[in-house]
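**Q** Given next are the chains, with one letter for each unit.
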Amino acid sequence: MENQVPLNKDAYIKMMKQQFNDSPDLICKTFESKHQTIIIHFVNYQVKKDYLERDLLEPLTTSRRPWSVHDLQNKIPLASSKTENSIKKITNDLIHGSVSVYIEGEPDVVLFALPNLESRALNRAETESLVFGPQISFTESLVTNLNVVRWRLDTDDLVVEKVILGERIKSEARIIYLKSLANDENVNTMRQRLTDLVVDEVEDTSVLSQLIEDSSSSVFPQLITTELPDRFCNSISKGRVGVMLDKSPTVLVGPMSFFEFFESTEDLYVRWNMGTFIRFLRFLAMFISIVLTPMYVAALTYHYEIIPASLLISLGQSRATVPFPPVIEALLLEMLIEFLREAGARLPTKVGQTMGIVGGIVLGQAAVKAGFTSNILIIVIALSALASFTAPSYLMGSAIRIIRFPMILLAGAWGLIGIVFALSFLVIHLLKQKSLGRPYLAPIYPLELRDFNDAIFRSTFQRNVKRPKYIMTKDKKRFDKTKAVEKNDVDPV
Amino acid sequence: MKKITIIICLSLLCTGCIPKSYIEKLGIITAVGYDLVEDSKLEGTLVVFQFDPTSSNTSQIITSKAETSKGIRYQANRLTSHRLVSGQVRLALYQDKLAEKGMLKYMDTLARDAKISDLGYLAVSNVPTSELMKSNLSEDAPNIGIYLQSLIEKSIKNQMIPDSLINIFLRDVHDLGIDPVLPMLSLNDDKPYIHGLSLFQDDKYVSMLDEKDIFHLMLMRQRSEDTEFQLDLPSESLKEYYKTENSNMNDGTLHVSLNDLRNRTSFEFIDGDFTNPKVKIKMEGRLMEITKDIDLKDQAIKALEKELEKQLTDRLEQLVDKLKEKNVDPVGFGKKFNERHRKNQLTEEAWRSQIPELDVTFDIEIKLLRHGITE
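For the record, the sequence lines run as chains A and B.
Read in order, the letters of the first sequence are residues 1 to 493 in UniProt numbering.
Read in order, the letters of the second sequence are residues 1 to 375 in UniProt numbering.
Among the hints, a few may not be true.
[Said to hold, decoys possible] Quick look at which bits of chain B chain A covers, simulated, 3 or more residues with Cβ under 8 Å:
#1 24 to 35
#2 83 to 92
#3 291 to 302
In short, the hints are calculated from the structure, not lab data.
Since the model is a prediction, treat every value here as computed from it, not as a measurement.
Every residue, glycine too, gets a C-beta built ideally from N, C-alpha and C.
Full structure from sequences and hints, please.
**A** Right under this line is the structure:
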């Protein structure tokens with residue numbers, strides 16, 4: 001058999017070289033003693049060298065007795081060791097940071113796992129930073145991430161399932177959920193979608209989410225990708241199903257409803273009234289961001305009747321110098337803002353800040369002075385751009401920014417009718433969406449008034465007795481309402 | 001996919017059909033005034049906003065003559081580079097001579113054109129509106145149209161005059177048993193002001209009501225709250241309550257200024273007879289000012305209340321006499337009668353012919369809740 005470990009040492013060395021395409025990184029070390037020849041293989045940068053020298057090479061060289069496969073497994077002080085006789089599998093393990101020990105004449109090779117994993121330390125969250133609350137974010141290392149999750153969800157109820165994704169380049173993924181809470185159907189859907197996936201490679205969880213989402217063509221994300229462990233664990237403990245992927249600093253959670261994309265864990269950390277206020281602010285911001293610029297375009301192109309009399313003069317005067325119709329004017333400025341955003345994101349931070357000032361202040365001022373745009377439109381555009389950045393989910397924020405452009409075009413073509421048409425289309429589209437087969441627009445549709453407590457308002461925790469219905473958790477109730485508000489103080493005043 | 005392409009193509013074609021109105025290319029009419037000129041021709045004065053890149057003066061006044069009000073706009077369009085549109089008309093003024101011929105035929109465009117808000121104001125002017133609109137004294141308002149509009153709007157909010165919105169006027173014209181009223185504007189030293197109230201018989205202007213009587217009419221016509229009014233009492237009244245004898249302060253008529261905090265007006269037709277209505281007014285008020293040095297003890301207050309009741313009754317009776325003389329019913333006696341007597345409805349003719357025969361009795365109760373301390 002081709003794949004078998006040959007008994008001859010030269011054949012073995014040759015075979016290994018072939019397997020690694022003559023890679024210079026494959027280190028081959030031969031120890032020849034009176035009784036036997038031992039060959040050690042490892043990939044240069046994949047193993048922890050100091051452990052290798054201390055725990056493997058030293059016992060091997062100092063011992064006088066001949067080694068057997070059995071001895072290697074029992075007398076070497078390394079925890080993970082196994083025997084393997086297939087060259088393919090040995091190669092695979094070597095790539096992942098194992099050290100192979102071959103004794104001439106033995107059909108089995110002993111493998112010791114000593115992986116030297118490159119990973120960064122746990123850092124503060126960058127894209128989803130919180131003002132108030134836990135600060136750490138996930139890293140690229142699956143082991144570290146699992147460690148953080150285990151630490152936060154300290155229960156034997158937590159199920160972690162392993163799935164390997166990618167046909168050509170493999171990555172390890174984990175499905176994480178609470179056994180007593182998560183709906184079996186949700187878990188099965190998630191597992192089935194992951195295992196059925198036939199792709200070359202999965203680069204990141206954001207790619208994975210696009211691959212397994214219910215509707216890949218929609219602008220709206222249907223699964224949340226987050227880099228915050230507290231958000232992930234909070235979702236898991238609510239009965240959702242999470243997915244972690246090695247090499248990716250973000251994690252996936254589903255099923256999610258549209259409104260949860262406007263939720264931040266910070267809403268939970270501040271008091272309920274503040275939390276509700278902030279949440280409403282975000283809904284309002286989303287609406288403003290979608291509707292404000294199209295309204296400007298519609299009113300100035302078709303519906304001069306709806307402009308309040310007190311605004312008419314300032315609007316008219318600033319528009320009088322502009323040579324373009326309002327649609328072009330609005331699109332120009334929207335593009336300007338998008339250029340600024342994109343340039344700011346691509347440039348190194350130090351240059352990026354100057355760009356913001358140059359673009360925002362100088363260009364804006366100059367555009368108005370030159371009679372290029374009306375100054376009221378500058379306010380409108382700046383307001384709607386600002387509003388679109390309030391969405392806690394970056395993907396949802398960019399979805400909202402994208403929607404604006406067809407809205408502006410429609411407002412320019414049909415006025416208010418166009419806006420209403422676009423909004424209706426949007427609502428129909430949202431109603432059709434699903435997340436892991438669960439309704440995306442819950443609790444508005446299907447209407448479940450009780451879930452408003454959780455999805456739209458942020459009521460006090462004592463009131464929030466029932467779990468959201470659309471997730472279909474196994475346990476419907478969080479706790480007993482009467483018990484939750486009871487306070488058995490020793491000395492009630 | 002094919003369907004979607006077709007829909008997109010068609011919708012792009014459709015956009016060509018919608019007329020675009022860029023505001024910088026429009027002359028936006030904010031107020032219109034109509035005058036009657038020789039042989040039943042209309043002269044229209046349009047107050048227009050138009051925006052030019054070079055001039056900071058946004059307001060223009062355009063005058064033109066035609067037979068209909070749309071005709072005026074059409075004629076006026078020849079006089080300006082901007083397209084005149086009437087979607088922002090918030091005030092329509094009519095000369096009294098024109099209003100005498102009946103408002104409805106000139107108002108047709110206001111009522112019919114969906115672009116014109118029903119929440120605009122109507123008013124009558126006893127000077128030609130072209131003169132009124134050319135007045136330069138419009139305080140800090142951007143133009144005369146906005147000035148007049150805010151003048152009327154403020155007066156309505158402060159309950160100095162009854163509502164004069166287009167839809168309320170139209171409702172009153174078409175309702176059986178009530179005649180509409182509109183504010184009457186005039187010029188004083190080239191400055192427009194509210195002169196009084198114009199009384200209508202159906203849609204025809206008949207007479208003007210003095211601004212003093214507006215309050216009395218409003219007391220009966222609509223609910224009002226927190227208004228101020230003044231009554232003059234004869235010089236001899238309340239003589240026994242004077243603080244000091246022979247003070248020259250106590251000469252002449254006694255003027256009392258009151259603040260009507262709350263009033264309740266109810267109508268009753270004695271024996272179900274339209275010509276014999278009884279108006280009950282209960283008013284709670286506050287004494288704001290009194291021009292004589294009176295010791296305001298409980299008895300004095302009682303006596304003052306009595307005097308005021310008598311005086312107010314007098315005034316209201318005079319007002320009703322005036323209305324009877326002109327054969328108008330802005331109070332809406334007919335409407336109130338029909339509301340109360342479902343089986344015995346008045347017809348338009350019966351109502352109109354019986355107005356001069358009205359014999360209104362008043363039952364007025366004034367209560368002064370506060371009078372302040374002056375020590």
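**Q** Which of the stated hints cannot be reconciled with the structure, identified by number in ascending sequence?
**A** 3
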